[in-house]
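There are 2 protein chains.
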Amino acid sequence: MQLIDGKEIARQIKAEIAAETAQIKNSGGKTPHLAAVLVGHDGGSETYVSHKVKACEECGFNSTLIRYENTVEEWELLEKIDELNRNADIDGFIVQLPLPGHISEQKIIEAIDFRKDVDGFHPVNVGRMAIGLPCFISATPAGILELLKRYKIETVGKHCVVLGRSNIVGKPVATLMMQKATPGDATVTVCHSRSKNLKEMCLQADIIIAALGQPGFLKASMVKKDVVVIDVGTTRIPSSQTKSGYRLVGDVLFDEVAPLASFITPVPGGVGPMTIVSLMKNTLLASKGEIY
Amino acid sequence: MQLIDGKEIARQIKAEIAAETAQIKNSGGKTPHLAAVLVGHDGGSETYVSHKVKACEECGFNSTLIRYENTVEEWELLEKIDELNRNADIDGFIVQLPLPGHISEQKIIEAIDFRKDVDGFHPVNVGRMAIGLPCFISATPAGILELLKRYKIETVGKHCVVLGRSNIVGKPVATLMMQKATPGDATVTVCHSRSKNLKEMCLQADIIIAALGQPGFLKASMVKKDVVVIDVGTTRIPSSQTKSGYRLVGDVLFDEVAPLASFITPVPGGVGPMTIVSLMKNTLLASKGEIY
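Here the protein sequences come in this chain order: A and B.
Using the numbering used here, the first residue of the first sequence is number 1, and each one after it goes up by one.
Using the numbering used here, the first residue of the second sequence is number 1001, and each one after it goes up by one.
FYI, nobody ran anything at the bench for these hints, they're computed from the structure.
For glycine and all other residues, C-beta sits at the position ideal for the given N, C-alpha and C.
You may find that some hints are simply not true.
Stated by the list, open to error - Label pairs and their computed distance ranges (CB to CB): (1) Glu-1016(B) to Glu-20(A): 53 to 59 Å; (2) Lys-1025(B) to Thr-64(A): 52 to 58 Å; (3) Glu-1073(B) to Glu-69(A): 53 to 59 Å; (4) Asn-1070(B) to Ala-88(A): 39 to 45 Å; (5) Asn-1197(B) to Gly-132(A): 21 to 27 Å.
To be verified - Rough simulated footprint, nothing fancy, chain B against chain A, three-plus residues with beta-carbon under 8 Å: (6) 120–127; (7) 188–194; (8) 235–247.
Take these sequences, add in the hints, and give me the full structure.
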């Protein structure tokens, strides 16, 4: 069994991005600039955004954090988005989700110029990804593919079972895994809450991408020997043993499944750290004008 | 075994659309108007477009056919698209594919205002479909789902195997079949040219949607009893027994597979006739402003 060390891969990629950024700056090029809009004070969102700002520093990017209270009106956000769309110095920006209930997340997402949509949530980017055109691919699916690539995990003709059909993980990662590409070219099955025979399906899988958000869902009895397991689950569970008062648990019963797996991601330290470098990669691509 | 009569369902839906259109016109509403751009004189394209124009008549729509020779320049088409985008009387329009090699199909598709893209090929429509938002769904996937619906074929929790991963059939129909919707909510596997164990996968399927374009690919030995078979294959084969000099053959060895199936579509007369009514439906939706 080989552990897929997302933290180490993320460190390597950040170093690569930092090196390229330094070179761009040295030759008089533009410093990539990411803006993040944060509404309210949700603990998770605060943490994610601060990690993103820190990653920008590590990569040599400029970053701008724009904060609003929970009481912000939708039109105020839309006005800010319009301003960011038109600000030539901002290469890409994100609006951290979730947003308060009185604001339509979909309206906000669609207001972002797709050429600056480094989160890859705008329909144009989702559609172009499905078609197989250059686009901003959203962070988690991109991070998963990068891990498979860096660990040289064979995907061609393999049976990849995706657990979960969310818009931000299950569906896009399934689309990418079936694409004529490397990684990709896999036979892909998407299972979800309404699936029957889920266990039988998992038992056939060469690669399992678990993105259900159900702690410990995937057990040893559900996988075959030498399976590749990518655990996208990140459920917060209260814990007295951490400073933050919680710990992250994945969808996979790691201790049970790991001995059977050929490759497996831990939680934390697997897919998680990759999502932020995917965002950094998209910001660099945006800055270089390589997608649009 | 029950034959899925696409021709009859298409006739019913056209009658429904015609009735609704008549009502709209009687109450002083706008007559739906579809425009089609046809480049060159490809036999298949000529046939498809003439069927579309005829369907418009049957539904009570206005239609406009715009023809160009094969030598048309890309900019001329783009100019025409711009004109159609701005023409308030045109509710939707299509550019019949394929186009000559010197014209970028993708550029043409993306030039169409997505609010008039009744073919559903624009990235915005592809993306919105993937996300599960209201959009124009492309004709073949929409036609397949309509057949499943009209024949009340159970899809929830069923294992649906899609053969083929094209942008116009395989990928979108897979996305729709896994969606939280009816029809939908199926466990979906997408197989393609690089898949191993394709036969084993088909043997597990409750529903098979064959869209490979390989005549007679699906044989009796590859399906289980009571499978539902949707045959999207339409390969033209020379024939001395038809007026046109060719006949259409599907991906399924119908005579062998039909006795095992609970439901099956014939070729021709199955999915084919549904594609045009999907286009009519989208045009009516566009005219009523129900999507955008």
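Verification of the hints:
1. Glu-1016(B) to Glu-20(A): 53 to 59 Å: At roughly 58 Å between Cβ atoms, Glu-20(A) and Glu-1016(B) fall inside 53 to 59 Å, so the hint holds.
2. Lys-1025(B) to Thr-64(A): 52 to 58 Å: Check passed, 54 Å falls within 52 to 58 Å.
3. Glu-1073(B) to Glu-69(A): 53 to 59 Å: holds, 55 Å
4. Asn-1070(B) to Ala-88(A): 39 to 45 Å: holds, 42 Å
5. Asn-1197(B) to Gly-132(A): 21 to 27 Å: holds, 24 Å
6. 120–127: holds (count 6)
7. 188–194: holds (count 6)
8. 235–247: violated (count 0)
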